[in-house]
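Student: For reference, the chains in residue letters:
Protein chains: 2
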Amino acid sequence: MTNWQALIREQIEKERAAATQLLQEWVREPSVQGEERSIQEKIAQRLHAMGMEVDLWVMGGEELLKHPYFVSPRSEFSGSPNVVGVWKGTGGGRSIILNGHVDVVPAGDPAQWSHDPFSGEIEEGKLYGRGSTDMKGGNLSSLLAIQVLQALGIRLKGDVIFQSVVEEESGGAGTLAAILRGYKADAALIPEPTNMKIFPKQQGSMWFRLTVKGRSAHGGTRYEGVSAIEKSMQVVTAISKLEKERNDRIVDPLYAKLPIPIPINLGVIEGGKWPSSVADLVKLEGRMGVAPGEKMEAAKREMEEALAALAHDDPWFAEHPVELEWFGARWVPGDVGEDHPLMEILQDQFLKVTGERAVVEASPWGTDGGLLTTLADTPAIIVGPGTTAVAHYPNESVELDEVFRCAEIFALTLMEWCGYETK
Amino acid sequence: MTNWQALIREQIEKERAAATQLLQEWVREPSVQGEERSIQEKIAQRLHAMGMEVDLWVMGGEELLKHPYFVSPRSEFSGSPNVVGVWKGTGGGRSIILNGHVDVVPAGDPAQWSHDPFSGEIEEGKLYGRGSTDMKGGNLSSLLAIQVLQALGIRLKGDVIFQSVVEEESGGAGTLAAILRGYKADAALIPEPTNMKIFPKQQGSMWFRLTVKGRSAHGGTRYEGVSAIEKSMQVVTAISKLEKERNDRIVDPLYAKLPIPIPINLGVIEGGKWPSSVADLVKLEGRMGVAPGEKMEAAKREMEEALAALAHDDPWFAEHPVELEWFGARWVPGDVGEDHPLMEILQDQFLKVTGERAVVEASPWGTDGGLLTTLADTPAIIVGPGTTAVAHYPNESVELDEVFRCAEIFALTLMEWCGYETK
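Chains Z and S, in that order, give the protein sequences.
The UniProt record's numbering puts the first residue of the first sequence at 1, with every later residue one more than the last.
The UniProt record's numbering puts the first residue of the second sequence at 1, with every later residue one more than the last.
Careful, some of the hints might be misleading.
Remember, identical chains collapse to one label, so a pair may be satisfied in a single copy or spanning two.
[Stated by the list, open to error] No more than 25 Å apart at the CA atoms, straight line, and that leaves these computed lysine to aspartate or glutamate pairs for DMTMM-like:
#1 Lys213 to Glu243
#2 Lys273 to Asp401
#3 Lys257 to Glu230
#4 Lys197 to Glu224
#5 Lys300 to Asp116
These are computed hints drawn from the structure, not numbers from a lab.
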């Protein structure tokens with residue numbers, strides 16, 4: 001019997017230098033929102049060269065823009081095509097989507113970086129740059145897994161659908177567009193930076209805006225007014241109480257290690273215009289975590305009820321209810337049963353490759369996996385190289401060894417999941 | 001014996017139409033900060049025509065700009081001359097300053113006004129417009145008092161110093177400049193809109209800015225950060241406790257009717273940049289009331305101590321102390337004894353003119369009187385037509401009857417205070 005693992009590892013070693021260079025090229029593409037065309041065209045060419053059926057398209061149209069899960073600050077995507085490459089299986093196997101995003105968040109202040117944010121420089125085994133860990137490193141693991149299988153002459157029975165999407169950082173419009181274009185599979189892997197932990201469940205999230213009202217007055221007679229800043233404190237307390245109630249309900253052992261599995265974060269506060277006037281309006285903006293199995297509408301309702309309950313103790317809120325608005329980003333939660341066959345396969349390959357048992361957890365943030373699981377009937381599991389601790393921050397980097405370990409695990413997983421034939 | 005009161009009232013009636021027109025002209029001058037030259041030159045001409053020694057000057061210079069009580073967002077005042085007119089007494093009497101500001105706050109959104117903000121339109125006995133109540137109406141009362149005495153051939157023994165100052169709305173640099181130019185007197189009247197209540201004491205105030213620190217983190221793992229918004233709530237509570245302590249100490253019966261004699265108002269809050277990030281910084285801006293007899297430095301120290309005390313209960317504040325900054329506007333408190341002879345004279349004239357006893361209170365806001373009392377050894381009493389309820393708001397207006405009643409009270413008060421001779 002062929003020792004596929006040894007052959008795959010050997011093949012990865014052979015391709016390591018070229019693959020590292022490819023990752024550097026990807027990181028050197030500053031594919032921030034609206035600027036993804038260049039990298040996407042290069043990826044499309046590569047997929048084509050690998051014999052895949054390639055689909056590069058600019059998303060848009062009513063169905064997408066009016067979809068209830070469509071979230072984006074823009075509606076025009078000509079600088080941001082989506083790319084999908086399908087490696088057709090020989091038939092009779094399970095299909096899989098390997099999904100990853102190429103959009104990166106802005107580099108921020110370059111002065112805070114020790115390397116140029118788009119240099120792709122390598123130092124002590126780490127490749128530096130915006131997007132290295134989130135998530136071009138993971139994308140490389142996926143691509144390399146396919147490349148290695150091809151190089152070894154392995155034909156998978158199920159289709160492998162490699163998706164290089166845009167707009168993940170703004171709420172998933174790229175993956176949504178791919179779903180609406182008809183792409184689905186029997187399962188999906190998304191190599192977001194989990195530090196190679198396996199996340200069958202992901203927290204969803206939604207942004208909200210609260211408008212708290214007061215009544216203006218001169219600061220010298222502030223008792224003639226009602227301070228929206230003071231009223232906001234009651235609102236903050238109510239939100240904190242709601243957060244506690246929601247989290248007390250969560251008994252899933254996957255969440256056991258997290259102090260607050262589904263936090264409600266109040267991230268922005270702004271109100272009042274003049275130091276010696278009583279503030280008559282305060283706006284609070286935040287992010288509400290949604291539990292993996294929870295309906296977003298149910299979470300919204302709980303927020304509405306918590307705000308309405310303020311009126312019970314304070315007649316001010318009865319007359320001046322806090323306004324609630326859901327705006328901006330939204331990530332659908334995802335929930336794949338821990339007994340899903342792909343979970344078992346993944347954990348087995350992880351053990352084979354690393355000699356250690358995989359850590360299975362629930363993710364504290366949303367990914368495009370929620371959309372795949374919920375809308376495309378494609379159970380999505382998140383596992384990939386890199387850590388979120390450095391994502392979105394200066395000096396983002398990814399450990400190259402981990403990228404190649406992930407490629408090895410993915411190659412073996414594809415064989416087990418899709419089934420295979422050899423020449 | 002001549003019934004001066006009847007003659008004064010009669011003379012005011014004669015001059016009423018012309019005086020009303022003059023107030024309209026003043027209100028039609030949009031003398032917002034930096035735009036006071038036009039009205040000041042007209043006032044200077046008028047004072048000159050009344051035989052007064054007129055002093056129109058543009059303030060400036062090191063002594064002013066470096067003075068510890070100098071507060072202004074600007075240091076260049078060429079568009080904003082100060083005007084003083086002195087009606088010399090015949091000698092042997094007490095002098096008095098009649099101080100009033102011509103600067104007005106901006107009109108704000110004209111759509112919220114039922115009349116044009118600078119129309120000076122009259123409806124049901126009220127004259128409408130920005131500055132009508134704060135405080136061109138009061139300035140007219142002062143000017144008319146002098147005019148009427150002159151028309152009746154009365155010569156006062158003490159000097160009457162009519163001051164038309166700028167920059168009151170920004171903290172009193174105009175009056176400070178007049179003081180530094182050498183103007184002082186045995187007492188002062190300032191017809192700010194007190195609704196004809198007599199304020200021998202005025203609350204001072206100072207603006208402050210607090211910077212509350214947190215530590216950023218992703219909202220999905222918000223427990224890894226420290227929310228500056230949550231920390232701000234502790235700061236708001238501490239400020240509220242300090243306000244209570246400071247007000248519990250105030251036993252002055254003049255403050256008996258005020259729920260919070262010297263409030264600390266938090267007027268502005270701003271912090272955080274992203275709904276799904278933990279806010280790492282919140283800024284709070286506010287106004288601290290200072291008691292009439294209190295030193296501003298002592299009030300500042302109490303604020304510093306209250307903020308320092310946060311560290312006792314929460315080590316976060318020990319490592320990340322709240323930053324305190326005193327910025328922007330500042331009004332020195334004022335305190336004239338209720339037994340001051342001008343108080344008695346004023347109350348007597350009020351009773352004569354209105355048939356009612358004057359209401360004596362402490363003002364909940366600062367005026368330029370604090371500077372006169374503290375720096376120029378000129379005890380200043382605040383009493384004038386109009387109400388602060390409409391000052392700084394759309395549809396500001398002043399009741400014309402009250403303006404003329406005030407002129408009558410002032411004319412009689414000048415005679416009693418300065419002493420008089422008749423031709």
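Student: Please go over all the hints and tell whether each is borne out by the structure.
Tutor: Right, here's what the structure says about each hint:
1. With identical chains, the CA atoms of Lys213 and Glu243 are at most 25 Å apart both within one copy (22 Å) and between copies (23 Å).
2. For the homomeric pair Lys273 and Asp401, neither the shortest alpha-carbon distance inside one copy (52 Å) nor that between copies (35 Å) is at most 25 Å.
3. Taking the shortest Cα distances, Lys257 and Glu230 sit within 25 Å of each other only across copies (23 Å), while inside one copy they are farther apart (35 Å).
4. Taking identical chains as interchangeable, the C-alpha atoms of Lys197 and Glu224 lie at most 25 Å apart only when they sit on different chains, with a minimum of 18 Å there against 56 Å within one chain.
5. Taking the shortest Cα distances, Lys300 and Asp116 never come within 25 Å of each other, neither inside one copy (41 Å) nor across copies (45 Å).
In terms of the numbered hints stated before, the structure departs from hints 2 and 5, listed from lowest to highest.
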